[in-house]
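K.L.:
Heads up: the protein sequence lines correspond to chains A and B, in order. Mapped onto the numbering used here, the consecutive letters of the first sequence carry residue numbers 1 to 230. Mapped onto the numbering used here, the consecutive letters of the second sequence carry residue numbers 1001 to 1513.
Derived by calculation from the structure, the hints in this document are not laboratory data. Note that the Cβ used here is the ideal one computed from N, Cα and C, for glycine as well. Incorrect hints may have been included.
[As the list claims (entries may be wrong)] Partial list, computed: chain A residues near chain B (C-beta under 8 Å):
1. F48
2. P67
3. L86
4. G230
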Amino acid sequence: MLHLDHLDMGQGAFSLTADWQLAQGSRLAIIGPSGAGKSTLLSVIGGFLAPRAGRVIWDGQDITAAPPAARPITTLFQDQNLLPHLTIAQNIGLGLSPSLRLTAKDHRRIDDALDRTGLAGLGPRKPGNLSGGQQSRVALARALLRQRPILCLDEPFAALGPALKTEMLGLLAALADETAATVLMITHDPADARAFAPLTTLVAEGVAHPPTATAGLLDAPPPALAAYLG
Amino acid sequence: MARRPVTLIAGGLAAVLLALLLAPLAVLGLRADSVALSGADLAALRFTLLQAAVSALLSVLLAVPVAKALARRRFVGRGALISLLGAPFLLPTIVAVLGLLTVFGRSGWVNDLLGALGLPQVSIYGFHGVVLAHVFFNMPLAVRMILQGWQAIPAERFRLAASLGFGPAETARHLEYPMLRAVLPGAALVIFGICLTSFAVALTLGGGPRATTVELAIYQALRFEFDLGAAARLALLQLAICALAFALATRFTVPSAFGAGKDAAGGPPAPAGWRRGADGVCLLLAGLFVMLPLLAIALRGLPGIMTLPPQVWAATLRSVVVALASTVLAMGLAVTLALAAARTRRVWPGLVATLPLAASSLVLGTGLFLIALPLTRPADLALPVTVLVNAMLALPFVYRVLAPEARSLEADYGRLADALGMIGFARLRWLILPRLARPLGFGAGLVAALSMGDLGVIALFASEQGATLPLLVQRLIGAYRMDTAASAALLLVSLSFALFWAFDAGGRRYAAS
Chain A
1 MLHLDHLDMG QGAFSLTADW QLAQGSRLAI IGPSGAGKST LLSVIGGFLA PRAGRVIWDG
61 QDITAAPPAA RPITTLFQDQ NLLPHLTIAQ NIGLGLSPSL RLTAKDHRRI DDALDRTGLA
121 GLGPRKPGNL SGGQQSRVAL ARALLRQRPI LCLDEPFAAL GPALKTEMLG LLAALADETA
181 ATVLMITHDP ADARAFAPLT TLVAEGVAHP PTATAGLLDA PPPALAAYLG
Chain B
1001 MARRPVTLIA GGLAAVLLAL LLAPLAVLGL RADSVALSGA DLAALRFTLL QAAVSALLSV
1061 LLAVPVAKAL ARRRFVGRGA LISLLGAPFL LPTIVAVLGL LTVFGRSGWV NDLLGALGLP
1121 QVSIYGFHGV VLAHVFFNMP LAVRMILQGW QAIPAERFRL AASLGFGPAE TARHLEYPML
1181 RAVLPGAALV IFGICLTSFA VALTLGGGPR ATTVELAIYQ ALRFEFDLGA AARLALLQLA
1241 ICALAFALAT RFTVPSAFGA GKDAAGGPPA PAGWRRGADG VCLLLAGLFV MLPLLAIALR
1301 GLPGIMTLPP QVWAATLRSV VVALASTVLA MGLAVTLALA AARTRRVWPG LVATLPLAAS
1361 SLVLGTGLFL IALPLTRPAD LALPVTVLVN AMLALPFVYR VLAPEARSLE ADYGRLADAL
1421 GMIGFARLRW LILPRLARPL GFGAGLVAAL SMGDLGVIAL FASEQGATLP LLVQRLIGAY
1481 RMDTAASAAL LLVSLSFALF WAFDAGGRRY AAS
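Only chain A is shown next, with the shape it has when bound in the complex:
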């Protein structure tokens, strides 16, 4: 279980608080107006930003001070998920060993992950030779190999077209089911939230609200969400 315990994620005049729990295996959509702090929330959970106060707890363990790589989390960023000078196989291999000391078994696992994400045979290529959708698949393949119990997604599919995005969300759902991962996903599109995430948190007016059922929230939006959805 992920527990955000009286988190205060403010910086200067900006304020953002969160105080709630999320059960293992949940899928949570994070929705709200720009600048409200959706990315800040994921940055604090992912370990890229220290909170002003409060704790992040996973399965009873306080991980507030842990460096990003030591957390039970894989984050998929909006962009720059791949190192352009490394091959696809190396980019995925970084998920197994950050120093790229890979055994024969590791290479087999990388090939499996490439197969699972529909990238078979593309291992020796560089990211620059891949389409945007393929690049997203590489990031997912790495997430699959890292096998962390939490996946944080900061709109990694925002630049893809609608059809590709639906495809990626399908692949993501399959991978999350397979690894029983808890998924937190920022989205701008209420349809994504409905399709993918049974739970949604609204981030608005300085608060990341406790997760509620997505359908109910979107059908009867509170004023702040209604203003955002238009």
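Using the hints, position chain B against chain A.
P.N.:
This is chain B only, laid out in the frame that chain A set:
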């Protein structure tokens, strides 16, 4: 978040660097015999300031028409000409001086021509010789800085000017003068600062009571009179001048001279008529001015290059070792400080990396000489001290090359590397080296070439037998063995450019692979 190893290492290195910078200065303060300046000191001060001011002014004024012509004309060989203008920055001072002597010296090309025409001869020694050499080095640098300014004017601005029917005069008044007003003071101050610490030029072309820079006076006090008190006093004077110029320069935006040369689409309009001819003449003269001394060295030095005396080869080996060692040292410092600056987003790494600009080769050298003297023979420390001083003085330049690249590296991939746990060697091997290969190669090339050609602190420390190649060339010139000097100079300049090319091309190839 937890403090990272690179920040701690950078902090440690910064402390060592500060100590190495401040200890010599502190010793100078302790050893100076008095703070009252003698008549000779004042003469050196006056000459130093005057020649630096005139050199800076002339360099910048001559550079404006050349930069303007380069900005608005497109022709075959334009890129090569811009590269050629980058050459003097890497050119060993003593080689350039020898080249200028061959062209403008007593029996040089220009005087031969003047003599044949029945005109009076020109002399390259004294004030105007020093200024000529400084303009040779710095006019091309100014061209590149000003060209940057021209290229920074958005193409839309010129399109707007064209649609409003601006002629060349209106374009100059509304677009180009404002840019020049912003760029020229910074460029002039940089060149003024460079000329303040002129040593090798003054040593060869100046000298005597009427053409001695403070830097040269320090050397003479130490080497000829062995007057440690006077040397320390002069070094403090030099430090005060440099620190003042440095403080002044920080108040102006200093244009970058490294990025110039891209053929941005839609530059300034290129008017036809007499302006076209004038631009051509400007470019031709600038090209000749830079090329002739290099050509002179090549022509004069080539015949004797196979029969160079053995001491030249020994000096060559010393110089290459010094160059490579200072490169490793300077690049290690620069990359650590640049990464720390990018990681912490604080100013201290940049400040420490820039601080050596306020000192000069002979100031640091004199301080280190005074520290070394009670402990050992200074000649035994000649090479290590030269490595250290060269690395410290090159640091500000390479830091400026690396810092912006390190900043965007951290912004683009820092979080991803953190998320994947790429720390320490893994981060260096798989992220930093591949992404920074290009600026690292370019920076290493700069340090290697500058250090290879350096003639400063080594002149203070070296014994008769322990010379580096630039010092040996200077001694050969002093002994009027001009042909041997030219051959050794040709070897020196070839090695300097080869080192620059090898590092720069190596970085590019590594980045592309």
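K.L.:
Looking back at the hints listed earlier, which ones does the structure fail to meet?
P.N.:
4
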